[in-house]
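Protein chains: 2
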Amino acid sequence: MRVMGVDPGLTRCGLSIVEGGIGRKVTALDVDVVRTPPDLDLAQRLLQVADAAEHWMDTHEPGAVAIERVFAQHNVRTAMGTAQAGGVIALAAARRGIPVAFHTPSEVKAAVTGNGNADKAQVTAMVTRILGLRTAPKPADAADALALAICHCWRAPLLARMAEAEAKAAAARKRYTERLAEQRKAVRG
Amino acid sequence: MRVMGVDPGLTRCGLSIVEGGIGRKVTALDVDVVRTPPDLDLAQRLLQVADAAEHWMDTHEPGAVAIERVFAQHNVRTAMGTAQAGGVIALAAARRGIPVAFHTPSEVKAAVTGNGNADKAQVTAMVTRILGLRTAPKPADAADALALAICHCWRAPLLARMAEAEAKAAAARKRYTERLAEQRKAVRG
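Residue numbers (this note's numbering), protein chains in the order written: chain X, 1 to 189; chain E, 1 to 189.
It is possible that part of the hints are untrue.
Estimated spans, in silico, between C-beta atoms of each pair [what the hints assert, rightly or not]:
1) E:Q122 / X:P157: 52 to 62 Å
2) E:A170 / X:M1: 48 to 58 Å
3) X:S106 / E:T59: 58 to 68 Å
4) E:T59 / X:R95: 41 to 51 Å
5) E:R134 / X:N117: 26 to 36 Å
6) X:A163 / E:K120: 51 to 61 Å
7) E:A165 / X:D41: 51 to 61 Å
Stretches of chain E that chain X covers, calculated by requiring three or more beta carbons in the stretch to come under 8 Å of a beta carbon on chain X [what the hints assert, rightly or not]:
8) 43 to 53
9) 86 to 97
Hints in this document: simulated from the structure, not taken from any laboratory.
Keep in mind the model is a prediction, meaning the values are calculated, not measured.
Beta carbons: idealized from backbone N, C-alpha and C, even for Gly.
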């Protein structure tokens with residue numbers, strides 16, 4: 001599975017492409033950081049981020065897009081810009097019929113380092129080791145985008161199995177409710 | 001000036017078209033609320049909101065799009081979804097070369113009621129009166145979208161004059177700095 005990892009942002013937006021193989025084998029195909037000037041109009045910044053991400057989708061044709069789920073940050077304005085950058089990329093994927101998944105920072109850290117509270121240095125070190133890179137990816141946004149894609153490669157089969165189990169449970173619940181309604185009807189009748 | 005007002009949201013997104021005339025004369029041309037199911041995939045919800053907003057832009061051809069600037073809300077998840085809905089609409093406008101402006105809720109309330117802390121009922125009452133509507137627009141998201149567009153019709157000329165004044169001041173500052181550098185050079189030489 002080819003996964004596009006996105007560490008969303010307006011000032012710096014990390015993009016990566018990782019190919020997942022058998023077991024936990026993953027290979028980095030591309031990584032970059034898109035930057036937009038802070039003094040530019042918000043709509044124009046979103047346009048530049050969307051254009052770059054769409055170019056990646058059309059060039060690399062990922063089978064899934066994994067985006068970091070944004071939570072409250074110290075700076076509310078930054079958090080909103082980050083959420084909006086992630087939003088326009090999710091939209092671009094949806095328009096192309098590419099499934100989008102959101103992973104929280106702690107899910108990503110836990111996936112690559114085994115520790116949901118790992119710091120940036122640990123994440124970068126593990127990403128470098130997992131992908132067998134000669135040098136550590138820089139800046140942190142590039143490493144984060146790679147970590148997102150790795151996390152998705154490893155979590156996606158698990159999430160798919162969980163969704164399947166949930167769908168089965170829901171179907172069983174529905175059948176049970178229907179049978180119960182029928183039995184009650186039979187008793188009343 | 002024809003303005004499209006947007007009260008962004010995923011569950012309910014208010015859209016309006018208001019035509020600004022001479023002075024403070026404003027006329028409502030259209031208003032609606034787009035809804036997307038909460039259990040739908042986030043990317044798909046953004047797609048539905050973007051599709052609806054783009055259809056409005058292509059049908060009504062507004063000269064500007066005014067979107068409510070989202071701040072922190074009680075529910076962080078809701079705030080992020082709201083920011084993302086506004087982001088995809090801003091992107092759609094940018095792609096069409098339509099200028100986008102963001103107004104805060106208090107700027108909008110102050111513009112239509114004269115009070116930045118006005119409640120929803122006051123805003124709806126003033127929007128109904130200003131636009132000369134027979135019945136109050138419902139739900140609140142529809143009234144908010146109309147208020148946004150009215151706010152933009154009234155604030156846009158002021159904002160344009162402020163931007164012009166700022167550009168002039170910046171140019172004057174630049175000329176002064178250049179002259180100063182030349183004079184220093186002359187003294188040294």
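Practice item. Mind listing which of the numbered hints don't hold for this structure, in increasing order? Key: Of the numbered hints given earlier, those the structure breaks are 3, 4, 5, 6 and 7, listed in rising order.
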